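Model the placement of chain U on the given structure of chain W, informed by the hints.
Below are the chains, spelled out letter by letter.
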Amino acid sequence: MSNIPADLSYTAEHEWVTAPTADGVIRFGITDFAQDALGDVVYVQMPEAGTKIVAADVVGEVESTKSVSDIYAPLAGEVVGRNEALDADPSLINSDPYGEGWLVEVRLEDVASYATLLGAGEYEQQVG
Amino acid sequence: MTENYTALYEQHKEAGASFTDFGGWQMPLKYDSELAEHHAVRNAAGLFDLSHMGEVWVTGPDAAAFLDYALAGKLSAVVTGKAKYSLICAEDGGIIDDLISYRRGEEKYLVVPNAGNAKAVAAALTERASNFDVVVEDVSEGTSLIAVQGPKAEEILLRLVPVGQHSLVTELKYYAAVEVGLKVNGTEQQLLLARTGYTGEDGFEIYVPNAEAASLWKALLETGGGLGLIPAGLACRDSLRLEAGMPLYGNELSLEANAYAAGLGPVVSLAKESDFVGKAALTALKEAGAGSTTGRKLVGIKGLGRRAARGHYSVLKDGVVVGEVTSGQPSPTLGYPVAMAYVDVEHSEPGTVLEVDLRGKAEPFEVVALPFYKRRK
Numbered sequence: 001m002s003n004i005p006a007d008l009s010y011t012a013e014h015e016w017v018t019a020p021t022a023d024g025v026i027r028f029g030i031t032d033f034a035q036d037a038l039g040d041v042v043y044v045q046m047p048e049a050g051t052k053i054v055a056a057d058v059v060g061e062v063e064s065t066k067s068v069s070d071i072y073a074p075l076a077g078e079v080v081g082r083n084e085a086l087d088a089d090p091s092l093i094n095s096d097p098y099g100e101g102w103l104v105e106v107r108l109e110d111v112a113s114y115a116t117l118l119g120a121g122e123y124e125q126q127v128g
Numbered sequence: 001m002t003e004n005y006t007a008l009y010e011q012h013k014e015a016g017a018s019f020t021d022f023g024g025w026q027m028p029l030k031y032d033s034e035l036a037e038h039h040a041v042r043n044a045a046g047l048f049d050l051s052h053m054g055e056v057w058v059t060g061p062d063a064a065a066f067l068d069y070a071l072a073g074k075l076s077a078v079v080t081g082k083a084k085y086s087l088i089c090a091e092d093g094g095i096i097d098d099l100i101s102y103r104r105g106e107e108k109y110l111v112v113p114n115a116g117n118a119k120a121v122a123a124a125l126t127e128r129a130s131n132f133d134v135v136v137e138d139v140s141e142g143t144s145l146i147a148v149q150g151p152k153a154e155e156i157l158l159r160l161v162p163v164g165q166h167s168l169v170t171e172l173k174y175y176a177a178v179e180v181g182l183k184v185n186g187t188e189q190q191l192l193l194a195r196t197g198y199t200g201e202d203g204f205e206i207y208v209p210n211a212e213a214a215s216l217w218k219a220l221l222e223t224g225g226g227l228g229l230i231p232a233g234l235a236c237r238d239s240l241r242l243e244a245g246m247p248l249y250g251n252e253l254s255l256e257a258n259a260y261a262a263g264l265g266p267v268v269s270l271a272k273e274s275d276f277v278g279k280a281a282l283t284a285l286k287e288a289g290a291g292s293t294t295g296r297k298l299v300g301i302k303g304l305g306r307r308a309a310r311g312h313y314s315v316l317k318d319g320v321v322v323g324e325v326t327s328g329q330p331s332p333t334l335g336y337p338v339a340m341a342y343v344d345v346e347h348s349e350p351g352t353v354l355e356v357d358l359r360g361k362a363e364p365f366e367v368v369a370l371p372f373y374k375r376r377k
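Protein chains in written order, with my numbering: chain W, 1 to 128; chain U, 1 to 377.
In short, the hints are calculated from the structure, not lab data. Model, not experiment: these values are computed from the prediction. Be careful, since some hints might not be right.
Take a look, some chain U residues computed to stay more than 12 Å from chain W by CB distance [claimed, not checked]: (1) K13; (2) A122; (3) E141; (4) V184; (5) A211; (6) A280.
Derived contacts from chain W toward chain U, CB cut-off under 8 Å, selection only [to be verified]: (7) E63; (8) T65; (9) K66; (10) V68.
For every residue, glycine included, the Cβ atom is placed at its ideal position computed from N, Cα and C.
For reference, chain W alone in the conformation it holds in the complex (with noise of 0.2 Å):
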């Protein structure tokens, strides 16, 4: 079974999303279930800092020697950091998805765009 926090919320995508802080910035990653689909990984692709994004729509891929799967943008806004770690080491992905395996943060356009995605109730139904 994979893990599922229940602290975040998720999208359909296999991507979690924490809450908004106090400027209303997140930070999200994929899944549990979504390394484990991709396998290793050893190449991630992330938008910069300052780069605005829409949502759904794909910024950066992260690609495993049997595979490769689109980065979306969870909701909209303007990265403002991006996880450098991930250059040097990306099996973080696979070894800490939650934790050290974090890809980017962003700056909601519409904070309360947040309520949107998915709890992870939703989310763990979803993905059976």
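What follows is chain U alone, placed relative to chain W:
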């Protein structure tokens, strides 16, 4: 399609494998990390369950002449104890399968087709045998195949072989096979051991009756664990064979492909005296310059960036499609993307820089000689 399970399925499940369908079989994709399994095979050893492969015995006074007719290679020239990589072709030269044939006696060969093609190959052999004094017997169902691959393979295997028979193993040449005693559960089993593989490393493949497969698997893991042997799944088998430049049926080889375009011209013996299935078509293809002056040719391409090409992606030259990728991924050993692709022969010279359409963005790839990876002897 009915799902088949190998005699080692329970071992894989206990080891925590993820499974995938391959040729109608539930096979271990990986046990934990496919990258770790890949590196284990390159640096120590990996243990593979290949029981989905087929095994067909061809026996009788006409065995050699029959295989000369049924396959593209000259199997009659193989001496007893040796093996040969060959193709079984359709009349039009299309590839039904690529397979290894072991000569086990004057009138006895073991033919090993790929999992998904085993039934088609057995059927084609049976059909082609009608004018020959041979018996074609498909024993795939009762036979398991276990491979030990990697630089430590010989050392591991010797631990199960009685000392008196060590030289049978140490002197066994690549593409040769021998019956050898293997100690499993305290009893010695006479099993067919071949020095063959699909990883680019030294290694062995062991044919074992289903009833003994689990015991042999456990014995190998137990004795090889200290030398770094781990079970290895199909995910790493694919990355290993790609680095070694070996074709995979269904990707590089198919009924639509032909030996010359696939770079397997040397496997086809147009010179053998007898006729063989596909000979007329292959002769015409060769005379037309297939894979050398006309059509497409299978090449290795190496990514100049970080992003990998994948099967079916288009290969471009100046924005025009000149080929198609058949297999591709980031190479765990080499650290850059590698792929095989059919490209128009005029763009097939090593050193040519082409592009691959990676989901809408063209990235540069350079044509390189195969294999990508060659082990140090």
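Checking against the hints above, which ones are violated?
Every hint satisfied by this model.
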